[in-house]
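**Student:** This is what each chain is made of:
There are 2 protein chains.
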Amino acid sequence: MARATAGRRRGGGRAGAAARRGDAALAQMPWSIPVNIDRPIEPLSPEGVEAIHDGAMRILEEIGIVFLNPEALEIFKEAGCRVEGDLVRMDREFVMEMVGKAPDSFDITPRNPERRIPIGGNHILFGNVSSPPNYWDLELNKKVTGTQEQCRNLLKLTQYFNCIHFAGGYPVEPVDIHASVRHLDVLYDKLTLTDKVMHAYSLGKERVEDVMEMVRIAGGLSHEEFESRPHMYTNINSTSPLKHDFPMIDGCLRLVRKGQAVVVTPFTLAGAMAPVTMSGAVAQSLAESLCAIALFQYVRPGTPCAIGTFTSNVDMKSGAPAFGTPEYTRATQMTGQMARYYGLPMRSSGVCAANVPDGQAMWETSNSLWAAVQSGTNMVYHAAGWLEGGLIASPEKFIMDCEVLQQIQRYLQPQICATGPEEIALDAIREVGNDGHFFGLKHTQDRYTDAFYQPFLSDWRNYEAWEAAGAVWTPERAHKIYKDILAEFEAPPMDDAIREELGDFVARRKAEGGAPTDF
Amino acid sequence: MARATAGRRRGGGRAGAAARRGDAALAQMPWSIPVNIDRPIEPLSPEGVEAIHDGAMRILEEIGIVFLNPEALEIFKEAGCRVEGDLVRMDREFVMEMVGKAPDSFDITPRNPERRIPIGGNHILFGNVSSPPNYWDLELNKKVTGTQEQCRNLLKLTQYFNCIHFAGGYPVEPVDIHASVRHLDVLYDKLTLTDKVMHAYSLGKERVEDVMEMVRIAGGLSHEEFESRPHMYTNINSTSPLKHDFPMIDGCLRLVRKGQAVVVTPFTLAGAMAPVTMSGAVAQSLAESLCAIALFQYVRPGTPCAIGTFTSNVDMKSGAPAFGTPEYTRATQMTGQMARYYGLPMRSSGVCAANVPDGQAMWETSNSLWAAVQSGTNMVYHAAGWLEGGLIASPEKFIMDCEVLQQIQRYLQPQICATGPEEIALDAIREVGNDGHFFGLKHTQDRYTDAFYQPFLSDWRNYEAWEAAGAVWTPERAHKIYKDILAEFEAPPMDDAIREELGDFVARRKAEGGAPTDF
Chain B
1 MARATAGRRR GGGRAGAAAR RGDAALAQMP WSIPVNIDRP IEPLSPEGVE
51 AIHDGAMRIL EEIGIVFLNP EALEIFKEAG CRVEGDLVRM DREFVMEMVG
101 KAPDSFDITP RNPERRIPIG GNHILFGNVS SPPNYWDLEL NKKVTGTQEQ
151 CRNLLKLTQY FNCIHFAGGY PVEPVDIHAS VRHLDVLYDK LTLTDKVMHA
201 YSLGKERVED VMEMVRIAGG LSHEEFESRP HMYTNINSTS PLKHDFPMID
251 GCLRLVRKGQ AVVVTPFTLA GAMAPVTMSG AVAQSLAESL CAIALFQYVR
301 PGTPCAIGTF TSNVDMKSGA PAFGTPEYTR ATQMTGQMAR YYGLPMRSSG
351 VCAANVPDGQ AMWETSNSLW AAVQSGTNMV YHAAGWLEGG LIASPEKFIM
401 DCEVLQQIQR YLQPQICATG PEEIALDAIR EVGNDGHFFG LKHTQDRYTD
451 AFYQPFLSDW RNYEAWEAAG AVWTPERAHK IYKDILAEFE APPMDDAIRE
501 ELGDFVARRK AEGGAPTDF
Chain L
1 MARATAGRRR GGGRAGAAAR RGDAALAQMP WSIPVNIDRP IEPLSPEGVE
51 AIHDGAMRIL EEIGIVFLNP EALEIFKEAG CRVEGDLVRM DREFVMEMVG
101 KAPDSFDITP RNPERRIPIG GNHILFGNVS SPPNYWDLEL NKKVTGTQEQ
151 CRNLLKLTQY FNCIHFAGGY PVEPVDIHAS VRHLDVLYDK LTLTDKVMHA
201 YSLGKERVED VMEMVRIAGG LSHEEFESRP HMYTNINSTS PLKHDFPMID
251 GCLRLVRKGQ AVVVTPFTLA GAMAPVTMSG AVAQSLAESL CAIALFQYVR
301 PGTPCAIGTF TSNVDMKSGA PAFGTPEYTR ATQMTGQMAR YYGLPMRSSG
351 VCAANVPDGQ AMWETSNSLW AAVQSGTNMV YHAAGWLEGG LIASPEKFIM
401 DCEVLQQIQR YLQPQICATG PEEIALDAIR EVGNDGHFFG LKHTQDRYTD
451 AFYQPFLSDW RNYEAWEAAG AVWTPERAHK IYKDILAEFE APPMDDAIRE
501 ELGDFVARRK AEGGAPTDF
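Chains as they are written, first to last, in full-length UniProt numbering: chain B, 1 to 519; chain L, 1 to 519.
Derived from the structure by calculation, the hints contain no laboratory data. If you're wondering where the values come from, they're calculated on a predicted model, not measured in any experiment.
Derived pair list, reagent style DSBU-like, types lysine-lysine, alpha-carbon separation capped at 30 Å:
hint: 1; chain 1: B; residue 1: 480; chain 2: L; residue 2: 317
hint: 2; chain 1: L; residue 1: 317; chain 2: L; residue 2: 243
hint: 3; chain 1: B; residue 1: 142; chain 2: L; residue 2: 480
hint: 4; chain 1: B; residue 1: 205; chain 2: B; residue 2: 258
hint: 5; chain 1: L; residue 1: 442; chain 2: B; residue 2: 317
hint: 6; chain 1: B; residue 1: 258; chain 2: B; residue 2: 510
hint: 7; chain 1: B; residue 1: 317; chain 2: L; residue 2: 483
hint: 8; chain 1: L; residue 1: 142; chain 2: B; residue 2: 483
hint: 9; chain 1: B; residue 1: 142; chain 2: B; residue 2: 483
hint: 10; chain 1: B; residue 1: 101; chain 2: B; residue 2: 205
hint: 11; chain 1: L; residue 1: 243; chain 2: B; residue 2: 442
hint: 12; chain 1: L; residue 1: 243; chain 2: L; residue 2: 77
hint: 13; chain 1: B; residue 1: 142; chain 2: L; residue 2: 483
hint: 14; chain 1: B; residue 1: 77; chain 2: B; residue 2: 258
hint: 15; chain 1: L; residue 1: 258; chain 2: L; residue 2: 243
hint: 16; chain 1: B; residue 1: 101; chain 2: B; residue 2: 77
hint: 17; chain 1: B; residue 1: 77; chain 2: B; residue 2: 205
hint: 18; chain 1: L; residue 1: 317; chain 2: B; residue 2: 483
hint: 19; chain 1: B; residue 1: 317; chain 2: L; residue 2: 480
hint: 20; chain 1: B; residue 1: 442; chain 2: L; residue 2: 317
hint: 21; chain 1: L; residue 1: 142; chain 2: B; residue 2: 142
hint: 22; chain 1: L; residue 1: 258; chain 2: L; residue 2: 101
Input sequences plus hints: build the corresponding full structure.
**Tutor:** This is the structure we're talking about:
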């Protein structure tokens with residue numbers, strides 16, 4: 001079978017050379033684009049798929065969605081939808097015709113073309129945690145408000161790990177930067193510290209336009225080149241139930257008109273802003289995302305869009321959101337099945353409710369990451385670093401998650417299950433016979449270094465050796481790796497002229513006052 | 001859809017009543033027999049299945065398996081196999097004919113018939129950790145040799161948790177009991193502290209015969225009743241590569257002749273006692289298990305057998321076994337695919353290499369438990385309590401694993417994905433409309449208490465509430481639950497006469513000297 005990787009390359013710069021010499025913070029897997037070779041888990045019967053589709057369509061036809069965006073309302077009117085005030089009702093024929101114009105896969109090309117990512121098909125890609133207002137690490141051992149320094153450090157992890165394919169929103173909200181200019185400073189940090197695919201928050205026209213301009217500058221692109229294909233994306237949430245606010249739609253329309261990609265991710269917590277039943281919550285989520293995607297396709301047919309899911313359940317005792325639950329897993333699988341029905345790429349997440357990077361954090365995150373694999377998810381948001389339902393970013397959790405992500409990438413390599421004569425290995429088995437072992441065998445020696453996944457964080461020593469080495473639990477090991485990575489981190493190369501142009505742009509926009517803060 | 005449970009009942013005794021009142025150590029899911037409703041993940045093409053089958057058959061035909069058991073050698077001779085010394089070669093026609101006689105599912109009925117378990121089909125059942133020589137808990141915070149008290153405490157957990165369906169081997173080896181009488185004391189503890197399906201070690205005729213007799217006595221059965229259907233099982237390992245030792249086969253033959261169940265689980269670590277390639281390790285494992293199953297079917301056609309897998313890889317650096325790895329997961333899936341090809345029930349495990357119940361322990365264990373679900377495993381051995389590659393039993397890990405097992409049980413309940421009009425909930429969505437929330441809705445209130453899985457160990461509070469409650473990490477919470485369970489534990493009911501008969505049997509057999517210790 002073909003190797004399940006594409007765009008493979010050796011790590012660049014001195015850090016890459018160090019990793020090859022073996023004196024780097026860790027030896028990691030090379031950059032690759034994983035291909036999900038498993039058949040998705042599909043919990044819905046064909047009748048179940050039709051029932052959820054019919055539910056989503058009837059929501060759009062009979063109940064309608066509020067769009068708090070006058071421009072969107074005008075467009076829907078022009079398209080023949082029923083608009084009353086800010087409520088829009090649309091027929092399923094319109095929705096399906098528009099959704100049918102969306103591509104089932106597309107590429108996004110960041111400033112380093114070698115970091116181009118394909119969204120859709122059977123690719124599965126991982127992004128860093130996005131948007132927590134708080135930060136926790138083992139040294140602090142408390143929850144604190146996010147800062148630019150922490151944000152930069154987490155961006156360094158985003159760049160460092162080859163298993164992180166794209167940058168999400170801010171890996172922690174740097175609350176020490178004034179909101180009017182925060183997007184300028186963080187995007188400067190993001191674009192200089194990483195060369196991976198960029199995200200823009202849809203929080204007002206200035207932020208969106210500034211980020212697009214900075215991504216264009218960083219890529220050394222003309223306006224025409226920038227608009228000729230996707231170089232970045234935004235991700236929006238609806239205001240569930242059944243509402244889209246002004247800035248999210250506005251931001252998307254701005255990206256769509258410049259040929260950039262859009263992900264629409266309703267946050268439908270079953271029992272809170274969606275029905276307590278999971279298929280109802282999924283149907284509502286689909287209605288909320290499909291109507292926005294229909295709008296974008298009407299504005300620019302063929303515009304790259306992905307359908308996101310953030311359907312989970314609440315804690316029955318407190319009403320607090322829960323993540324990585326059985327209900328979350330099934331909702332993600334159901335949404336994946338529906339995304340394939342609509343022919344749209346799909347986004348889900350790596351999530352947990354745990355407050356610290358302990359056992360609970362890892363079983364909840366493992367569940368959500370397996371749900372991503374099982375659902376045929378293409379973009380896994382928040383795949384590294386998320387704690388407390390998204391309210392905390394943690395570098396230890398980031399490192400731990402990357403260990404799990406690498407294992408998933410390895411799991412998806414078809415050569416593990418190759419069954420040619422060399423793999424069945426009858427001659428080797430014959431050679432060893434009924435005594436002895438396979439350690440010294442040529443068949444073993446020839447394959448030994450690549451035969452198995454090699455972890456960078458898991459400690460596989462026996463208890464005595466582990467104890468002699470200090471009896472270090474997983475989060476402490478992760479903390480040390482975090483510090484080692486920061487110590488050796490080198491930013492990816494960028495032309496001085498481009499760096500200067502970016503800096504000038506930031507300075508000018510700051511002088512102009514940045515963006516309004518009344519979002 | 002039908003509810004995915006069978007044999008459901010309320011917890012018995014005062015502890016059960018306490019749980020219903022809400023003042024028990026924890027509120028857990030009721031006893032049920034989970035049905036795996038997912039389609040298995042099948043990494044092998046039809047050609048891959050044939051290649052592994054052909055490999056396994058050629059191992060048996062051309063290389064042969066050593067049986068260090070004269071009785072087995074005589075039986076193979078009688079069956080027309082080629083026997084040279086202790087090496088047995090057998091044609092695939094013989095193997096497939098014999099394996100074809102094995103049932104694809106069977107029941108085992110312990111002393112409490114309400115704890116009867118079906119092995120095979122799409123049932124997935126969980127057993128406790130088995131056979132670690134050492135024990136670790138958070139209070140000790142060190143690895144110590146197992147004792148009878150620790151063994152009893154872990155047996156209490158085995159009984160307490162409804163998500164544990166059968167008892168495996170000793171949950172920790174009580175090294176403080178002399179080996180000659182250990183089986184008598186532990187089986188007395190097991191049979192009085194639990195009413196679930198029992199296991200016997202195949203370590204010499206006395207141990208096997210004693211355990212069978214004690215299970216018969218505990219069930220209040222005549223010899224004829226005992227032999228009329230499976231009441232217990234043994235699990236054996238081969239001595240890989242390609243060898244079966246005397247006592248394992250001897251024990252199986254004794255169980256088989258009394259109508260009891262047998263699980264054959266080769267321990268084929270790729271790169272050590274099996275080829276470094278996973279399909280080769282799987283082929284060898286299948287050869288080792290199928291030849292034993294063929295023997296048992298020849299002796300007693302239709303005898304209940306399951307095929308086990310313990311194929312994993314070693315650490316490339318140290319040669320130490322690794323568990324829950326990508327290679328482990330794929331090997332388990334491949335073996336599941338082959339078990340269905342042969343029409344045999346399948347056993348796998350819940351395993352990790354971690355030394356303490358931290359994040360690594362849970363991602364490795366989660367991986368192996370998801371592998372069990374994905375492979376269509378019927379019996380999940382070691383599903384709760386395993387650390388350090390099986391060398392340590394831990395009560396905290398036991399509690400943490402049971403939280404994960406409950407979530408898997410809930411995940412397998414098809415009602416999560418029900419799509420009737422009540423679940424799509426269009427009326428509820430219409431009622432809430434574009435503002436408000438679903439909390440107070442009748443549709444929500446009617447379903448709220450049962451709508452979502454409720455954990456007993458996960459802490460879903462926000463950071464501040466969690467911190468105010470002491471900032472307790474998962475293993476510490478598990479430790480408290482462990483102590484609470486021990487404090488409230490009540491043994492399942494047993495007739496005084498039976499208890500006395502069991503005690504008399506143990507006393508008599510001890511007086512006779514127990515079992516030889518030269519195994």
